[in-house]
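Got chain P sorted already, so can you dock chain W onto it with the hints?
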Amino acid sequence: MSQIELTADQMVNTAGAGQVAPAQSSDQTILTAAEAAQARKNERRRKTVACLFVTPLLLFVLIAFIAPIGTMLYRSVYHPTVSQLIPDTLQSLSGWDDSTGIRPEDAVLNIFSLELQRLAKERKAGKLAEEINRARPGSSSLIKSTARKLKKIDRNELATGGADQLLALKPQWQEVELWRVIKRSGAPFTDKFYLTALDLSRDKAGDIVPRDTRIYLQLYWKSLKIALLITVLTAIIGFPLSYYLANAPAKTANTLMVFVLLPFWTSLLVRTTSWIALLQTNGVVNSFLQWTHIITEPIEMLYTQFSTVIAMTHILLPFMILPLYSVMKGIDPSYFRAALSLGAKPIPAFIRIYMPMTLPGISAGALLVFIISIGYYITPALVGGTDGQMISNIIAFHMQSSNNWELAAALGSLLLGLIMLLYWVYDRTVGVSNIKLG
Amino acid sequence: MNFPKYFTIWQKLGMHSLRLTAWLVLVFLMLPILVIIPLSFNAEPYFTFTQGMLALDPDAYSLKWYEEIINDDKWILAIKNSFYIGLCATVLATVLGTLAAIGLSNPVMPLQRMIMAMLLSPMIVPLIITAAGMYFFYTQLGLAGTYLGVIIAHAALGTPFVIITVNAALSGFDYSLMRASLGLGATPIQTFFKVIMPLIRPGVISGALFAFVTSFDEVVVILFMAGPEQRTIPRQMFSGLREQINPTILAVAVLLVVISALMLMTIEYLRARGERIRSGEI
Chain P
1 MSQIELTADQ MVNTAGAGQV APAQSSDQTI LTAAEAAQAR KNERRRKTVA CLFVTPLLLF
61 VLIAFIAPIG TMLYRSVYHP TVSQLIPDTL QSLSGWDDST GIRPEDAVLN IFSLELQRLA
121 KERKAGKLAE EINRARPGSS SLIKSTARKL KKIDRNELAT GGADQLLALK PQWQEVELWR
181 VIKRSGAPFT DKFYLTALDL SRDKAGDIVP RDTRIYLQLY WKSLKIALLI TVLTAIIGFP
241 LSYYLANAPA KTANTLMVFV LLPFWTSLLV RTTSWIALLQ TNGVVNSFLQ WTHIITEPIE
301 MLYTQFSTVI AMTHILLPFM ILPLYSVMKG IDPSYFRAAL SLGAKPIPAF IRIYMPMTLP
361 GISAGALLVF IISIGYYITP ALVGGTDGQM ISNIIAFHMQ SSNNWELAAA LGSLLLGLIM
421 LLYWVYDRTV GVSNIKLG
Chain W
1 MNFPKYFTIW QKLGMHSLRL TAWLVLVFLM LPILVIIPLS FNAEPYFTFT QGMLALDPDA
61 YSLKWYEEII NDDKWILAIK NSFYIGLCAT VLATVLGTLA AIGLSNPVMP LQRMIMAMLL
121 SPMIVPLIIT AAGMYFFYTQ LGLAGTYLGV IIAHAALGTP FVIITVNAAL SGFDYSLMRA
181 SLGLGATPIQ TFFKVIMPLI RPGVISGALF AFVTSFDEVV VILFMAGPEQ RTIPRQMFSG
241 LREQINPTIL AVAVLLVVIS ALMLMTIEYL RARGERIRSG EI
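Protein sequences appear in the order of chains P and W.
The opening residue of the first sequence carries number 1 in the working numbering; numbering runs sequentially from there.
The opening residue of the second sequence carries number 1 in the working numbering; numbering runs sequentially from there.
Among the hints, erroneous ones may be present.
[To be verified] Each computed DSS-like pair below joins lysine-lysine, with the alpha-carbon atoms no more than 30 Å apart:
id, chain 1, residue 1, chain 2, residue 2
1, P, 151, P, 170
2, P, 144, P, 127
3, P, 183, P, 151
4, P, 183, P, 124
5, W, 194, P, 47
6, P, 345, W, 5
7, P, 329, W, 5
8, P, 204, P, 124
9, P, 329, W, 12
10, P, 127, P, 152
11, P, 149, P, 170
12, P, 149, P, 124
13, W, 80, W, 64
14, P, 345, W, 12
15, P, 225, P, 204
16, P, 192, P, 222
17, P, 251, W, 5
18, P, 170, P, 192
19, W, 64, W, 74
20, W, 194, P, 41
21, P, 204, P, 192
22, P, 170, P, 121
23, P, 251, W, 12
24, P, 170, P, 124
Hints were generated in silico from the structure; no laboratory data involved.
Okay, chain P solo, but in the shape it has when bound (with noise of 0.2 Å):
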């Protein structure tokens, strides 16, 4: 009846599962030099066609998935943006020491005053001052509005007294920390959005230092948070229905299981909504709960972190109930009865008997749940409200409302780093081949 199925042997013997024993013959018959030619180009005929049928889809995961992973992963340390707007000045600026708090020569000045120029007349120095902007708030309207001006002046007049041109127009120009972060900002390799996803940034000598405001820590820290509570909830909730359909009649497990598998089956989206029917002010349990006069005030519920637990858990049930409900089945009733008949107490033989034999269905539950969960997006974003939210969808939010594309790869690149994590722990411990739907 079980979508996933992982029984208890499966998982102590997945240890030496996934390796292929060469095949030993157990008659020790002698074989001719020809004959063991021809063994051996049989084997590897064999070989070359189990390798073709797994290449074409090996092909497609590897183009259609693992590239685009990989992609978002080099981006998020590449970042040529700036380089590209700006190569000369950037080339002329590699031979200035930051750190003698004396600005760059006029010549290096005169460079960037053309550049910016150039950048004004293309229309691009908005993307510029963008960028030094991210590294350095405040910049923004000073590039803005120095490459306006800039447009009027004549190009032979910039190339040779540029310098004088840009500190006439903006004072600015003579700091030190400003020339300091154009510098930092033109280097196509970066480690500085994974500083920023872990809260952290280069001081003035280049040294990491933490942030002030922590935001991405605490995500990450209340994501994990939600995740864990999830897995909890989804265990003590789960762990009664799942014991009590595997020792039910088979009839009976077999007709409350469509209960379970029917919401599985229903789209993520229509149990959204559901819980939105449910949640909401003026919905059903409020008006439930004002009906019994049990409250007289509505109760904010949606759009609370209460909302996005309560969906999730909803959701994620039955990854939990599934696998312990198949390690369960496995589980010969007669220790606990034995346990019981030589004298133990029911509530201690049932916790030091029963409970660890279901550890099996309760670890690959909670590793799958916790999986999930941690990477959730849609139900938080629809249920959440803004104490709701999780990792996924701050990511979601860099690719969409700030489009700053690299600082959301360097978060997913860490999320990722955490999930592959877990899935190295289940394909160690259960065994990614071990699992089983329909």
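Same frame as chain P, but now just chain W:
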């Protein structure tokens, strides 16, 4: 419930409370899905039961939200898109996934475990990361905002399920049948369609259904990659829930529940059939 005679009163009480808890959990699982069914027939544009509905007044119920779906071009386009994209992605995922599962189940296959973990990874990577990566990559290839791009993306997400179900169907597969067929003069293609395919068909079909549901349900990749022309049902629901909530969404949700129930029934039938094939009854 019948208890053995030696059960104490406390044990009986314990069993009763277990049964009660189990039923409460079942109610928790089903209630949110059931509650939207009557709400979708609400005559008023609310997400809640009106006084008239509770009094079972026939005037308080109406089919107007269902009519609204039929009369709204956006919903019709979304329904068409969902089926079109879903079916194309399913065919692609099923063909590639079935072949790969056959190759992977062969014990001579090198690097089996590693390849398996890689092919199953689309199931584990959070959709938001997949969507972000695909958006960068497919835009460069000019595939963002096209049907082809969305179909390829959805097919990639569906293949792990096909591999898992076909792999399970192959677990009891007797390879001597394949050798016998080849030895008796059948071509590899004949062997595939006449010998292997009939035996693993339930696994292939349930894998295909999983792949279809994956695409049919998917919204995050669509949200990032699809243009307005490729809006699907979940995408339309997502924007409906964010912008103006009205019971049309509930009516769509009820239709989706009906579709899921049909799929569940098919899967269960296939599973029972697959078990019988494996145990040698058919």
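Hint check:
Under the criterion of a C-alpha separation no larger than 30 Å, the hint pairing residue 151(P) with residue 170(P) is consistent with the structure, at around 15 Å. For the hint linking residue 144(P) to residue 127(P), the alpha-carbon distance of about 9 Å falls within 30 Å, and the restraint holds. Restraint check: the Cα-Cα separation between residue 183(P) and residue 151(P) comes to about 23 Å, which is no more than 30 Å; the hinted pair holds. For the given pair, residue 183(P) sits about 18 Å from residue 124(P) by alpha-carbon distance, which is consistent with the 30 Å threshold.
Of the supplied pair hints, the one linking residue 194(W) and residue 47(P) holds, its CA atoms being roughly 23 Å apart against a limit of 30 Å. Annotation: proposed proximity of residue 345(P) to residue 5(W) holds, straight-line Cα distance about 17 Å (limit 30 Å). The straight-line distance between the Cα atoms of residue 329(P) and residue 5(W) is roughly 24 Å, inside the 30 Å bound, and the hint therefore holds. For the hint linking residue 204(P) to residue 124(P), the alpha-carbon distance of about 28 Å falls within 30 Å, and the restraint holds.
As the CA atoms of residue 329(P) and residue 12(W) are separated by approximately 21 Å, the hinted pair is consistent with the 30 Å bound. Simply put, residue 127(P) and residue 152(P) have alpha-carbon atoms about 20 Å apart, close enough for the 30 Å limit, and the pair holds. With a C-alpha separation of about 10 Å, the suggested pairing of residue 149(P) with residue 170(P) holds against the 30 Å cut-off. Of the supplied pair hints, the one linking residue 149(P) and residue 124(P) holds, its CA atoms being roughly 14 Å apart against a limit of 30 Å.
Restraint check for residue 80(W) and residue 64(W): the C-alpha separation of about 21 Å stays at or below 30 Å, so the hint holds. Of the supplied pair hints, the one linking residue 345(P) and residue 12(W) holds, its CA atoms being roughly 14 Å apart against a limit of 30 Å. At roughly 35 Å between alpha-carbon atoms, residue 225(P) and residue 204(P) are farther apart than 30 Å, so this suggested pair is violated. A distance of roughly 23 Å separates the Cα atoms of residue 192(P) and residue 222(P); the hinted pair therefore holds under the 30 Å criterion.
Proximity of residue 251(P) to residue 5(W) is assessed by CA-CA distance (about 23 Å); at most 30 Å being required, the pair is judged to hold. For the proposed pair residue 170(P) and residue 192(P), the alpha carbon gap of about 28 Å is at most 30 Å, so the pair holds. As the CA atoms of residue 64(W) and residue 74(W) are separated by approximately 17 Å, the hinted pair is consistent with the 30 Å bound. Proximity of residue 194(W) to residue 41(P) is assessed by CA-CA distance (about 27 Å); at most 30 Å being required, the pair is judged to hold.
With a CA separation close to 14 Å, the supplied pair residue 204(P) and residue 192(P) stays within the 30 Å bound. Under the criterion of a C-alpha separation no larger than 30 Å, the hint pairing residue 170(P) with residue 121(P) is consistent with the structure, at around 19 Å. Between residue 251(P) and residue 12(W) the CA atoms are separated by roughly 22 Å; this keeps the pair inside 30 Å, and the hint holds. For the given pair, residue 170(P) sits about 20 Å from residue 124(P) by alpha-carbon distance, which is consistent with the 30 Å threshold.
In terms of the numbered hints stated before, the structure departs from hint 15 and from no other.
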